[in-house]
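Residue numbers (our numbering), protein chains in the order written: chain A, 1061 to 1439; chain B, 673 to 1046; chain C, 1472 to 1730.
Be a bit skeptical, because a hint or two may be false.
Subject to a maximum C-alpha distance of 20 Å in a straight line, what follows is the list of computed PhoX-like cross-link-like pairs (lysine-lysine) [claimed, not checked]: (1) B:Lys877 x A:Lys1381; (2) A:Lys1082 x B:Lys817; (3) A:Lys1179 x B:Lys817; (4) B:Lys848 x A:Lys1381; (5) A:Lys1269 x B:Lys877; (6) A:Lys1082 x A:Lys1269; (7) C:Lys1496 x A:Lys1437; (8) B:Lys817 x A:Lys1205.
Partial pick of chain A residues on the chain B-facing surface, computed with a CB cut under 8 Å [as the list claims (entries may be wrong)]: (9) Ile1183; (10) Leu1208; (11) Val1211; (12) Phe1329; (13) Gln1354.
By construction, these hints were calculated from the structure, which means they are not laboratory data.
Small disclaimer: the values here were computed from a predicted structure and weren't measured.
We put the beta carbon where it would ideally sit given N, CA and C, even for glycine.
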Amino acid sequence: MESVRRIINLIKKEFIQILRDKSLLPIVIIMPVFQLFLFGYALSQDVRNLPVAVIDHDKSRESRELYGKIDATSTFNVLYYFDDVDEGKAMMDRGKASMVLVIPPDFSAEVNSIDESAKVQVILDGSDSNSSIIAMNVVRSLLSKYSLQFVEGRAGLMGVQPGSIGGVDTRVRVWFNEDLRSVNYMIPAVISLIITLITQLLTSMSIVKERERGTLEQLIVTPLRTYELILGKTVPSIVISYLDVVLIIVFGAWWFAVPIVGSVGLLLFVSLFYLLSTLGIGMFISTISRTQQQAMMSSFFTMIFNIVLSGFMIPIENMPKILQYISYVVPLRYFLVIVRGIFVKGSDLNELWDELIALLVFGIVIFTISSMRFKRKLA
Amino acid sequence: MMRFLAVLKKEYIHIIRDRRSLGLFIMIPFMLMVISSYAFTFDIKNVAVDLVDMDKGKWSRKLVDSFTSSGYFYISKNLELRDEAIDDLLRGNAKLVIEIGPDFSRLMEDGALAPVQLIVDGSDPNAANIFLGNATAILADFNLKIFTSKVEMGNSMVELTPIDPSFVVFYNPALKSRNFMIPGMAAVIMLLPVLMTALSIVREKERGNYEQLIATPIRPISIVLGKLLPYASIAIIDVLIVWFIGVYWFKVPFEGSLLTLFLLSFDFFFAAMGVGLLISTVARTQQEAMILSMFIFQLPSFLLSGLIFPIISMPVPVQFITYLVPVRYFIKITRGIFLKGAGLAELWEPALSLFLFGCVVVSIAALRFKKRLA
Amino acid sequence: MIFNVDEDKNRSSEPAVVCQGLRKKFGDFVAVDGISFSIEQGEVFGFLGPNGSGKSTTIRMLCGIVSPTEGEGRVLGFDIYRQHAQIRSRIGYMSQRFSLYDDLTVDENLIFYAGTYSVRGREFAEMREFALKMSGLKGRERELTTNLSGGWKQRLALSCAILHKPRMLFLDEPTGGVDPNSRRIFWDLIYQLSSMGVTIFVTTHYMDEAEHCDRLGFILDGRIIAVGSPSELKRTILGGDVFSSSLEDVFVSLIQGTK
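Given only the sequences and the hints, what does the whole structure look like? Please build it.
In structure tokens:
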């Protein structure tokens, strides 16, 4: 049919332009890989290597054992040994120490006694609250466990059989992503992000560029119908972002050994649903932007919005209620659940039903509104 | 001087006329700040836990109480069988499952080891770690209390906990994430003016006005300054907005001096604008400028500056790379001023680093600039 | 003759363009304030007026790029409100900015525009030859359009507009910013097309180009202040010697008259 041929004609031209655009190609290829590496290697929210200053007033075997245990964790790194707590605080002021551990002078005597408590002081740098909370938990656990050793000793001294005290034996089982690898969590997220950015950017930019150049006007005068124009503009970005998805899946899965527990086919299929939303948003951006600069800024703005409110980095449950409600209208939120579900949990259609419907509804609504607006703006 | 003012005025007019960009200019930092401040709570609360209690005895109740009283967790479902709990994990309805076997209370009474199974959803490793950390800490405390109470029963002792830790949190006692985020935001927000500077210069290049400008008697330095200052002023306004909203709305403590903040902000501008200038000498089109600045400046600044992900937890080679990110130093500065009341004495290192960075970058940009003219 | 519109037997003797009371408002600003005129088939009709007088808006309304606030219009017998599709397949348009894709080669631009008009196969091959010869770009098909200078781009844009053998051409300031020699060559091309029966509607603010048109419309502040052939206008408005007066004088006189 003529219509199809016209659409293909337009798509061909778009591809020629995209391939020739020297600055666009890097975004499409380098950025995904770059993000992969970034999130794969550099960024994890695991807290590690926090520098610690130890003020050991006791200098006994027990005190050394204590901070030895702390140093042995991956969370902490004992770097400084001072005699005065103020020196430790000064280090914290300068940002060189995250924690100061103060061991009192009678530490070993007190822990080994029957009826005394050693008052250990832990000073934390609260400016990095995330790390502090995690650090606090680690120290608490560690101190409790260390305490237990001495309790057993005391019990013995008082004639209570240690073995007869019992207690809770905590066993941990990790379901999904047993090794708790950050990569396994982030890679699916990176995929979603890239699909979002690329389709939005490519679509909005390609339309705005035509407008800036004056060729959009020319296209209106041709027999090209509005829906053909829309398809011609959106299909290239779909194709390219699919290529990127494949690139990341292959690269991420292979290089970082990220397992895909679920079905890749399902993933590719579901992406289509999500693309409806992103393309719609890209089109919408093109109708509110007169220049490329505005288009780009708007795209990035929505990106940031997406990142913060979609559960990409911060679980939605942690956010205040208002923001949680807002996140219900962020399509990426649902897509993230789907992608992560497929990758890590091996979820299938059954479990992802709700999210799929949500995506579909969003996609249709957004795409329709944007198309109508686009059509109106043309005339 | 007159000519410089002319360039300045023209630049301001450009900015004000492009209402949409201006709106985005102001909106983006503002929205970013507000949303991030509310959203970026790494604090865990109200985690849904499925309880599979096959025991329902005295001890299992005590155990569950110690969990719920911590405030971190709440029991979303009380189940008999594991399957439904696992299904909840699968669907994301619960993050943690506590499984207590049928013999639990009996074993505890007998003084034997009673197993408790914690099953956590590992798909979000960070959250999982935090949950596990909290859960095991709670259980360790629980154990300790049992031990001490059991031993106590034999003799009436009072203080039996061998180690009695006290925790003091400096600088951000309530451990509010936003006190951590907002000063960082001040740094990140200034990235936008940098981008704008680069874009405005490149735009002139694209439109061919560049050659025109160079052909006039205005000295290059006037052109550059004339372009920089408007955006620098916007950046200052941004910082003020952040400070104002941060302190008065979000109640972020501000222990330091506003003067120091401004002073060191200029230091940061110098470095950041230098990057903007450099980009403008490299990019040929606006699109290129945007992409370059995003890759080289914005993205790293967001992710590698210590804003969200602690630098110290990154692999060492990556830590070296972060030394090249000016925002890294500025975040240290802003956090220091806001939360620690730090002054120049404590912050001289990052301040100097920024200055040197700026010098290097600006020199390179200037050299490239000259090359173009020649 | 590569295409001869006169041979089209289905052509009626209706005017190519008829419009009545066309008005366009952008908010409070009235760009076109009630324009009525007609263009006969096969003629070269020029719209003359200063910048901002409403020339481009008028063309855009006729081509269907912008919808009129009020008024009626028919292009090649088709209604400009409801019969866009029929109009678009029969007209060619060239905008002020030439609307070429700078990042495409000469050939790629030709192929693309041909594709949108469904010109393919042998027909395309023929028209492509014609276009390349007409614009003098033979041998330069694989050059990037951005490397062409003003005059070449202008001719290429015209070529792209005629690939589908349109019965009518709308040219909006087609000679803007182009050197005088190229302008002359361009008008030669317009005559060539006109001799093939193509109706041509041209807007311009160059008085000397207006001399080349069959008929002219003077437009000022959104209104037509005079219509007629160059010689008619000189006679009626200036009342003097047709040969020694110029259209410039006509225009000046008209403006003074309206003051």
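Looking back at the numbered hints, which does the structure fail to meet, lowest number first? 1, 2, 12
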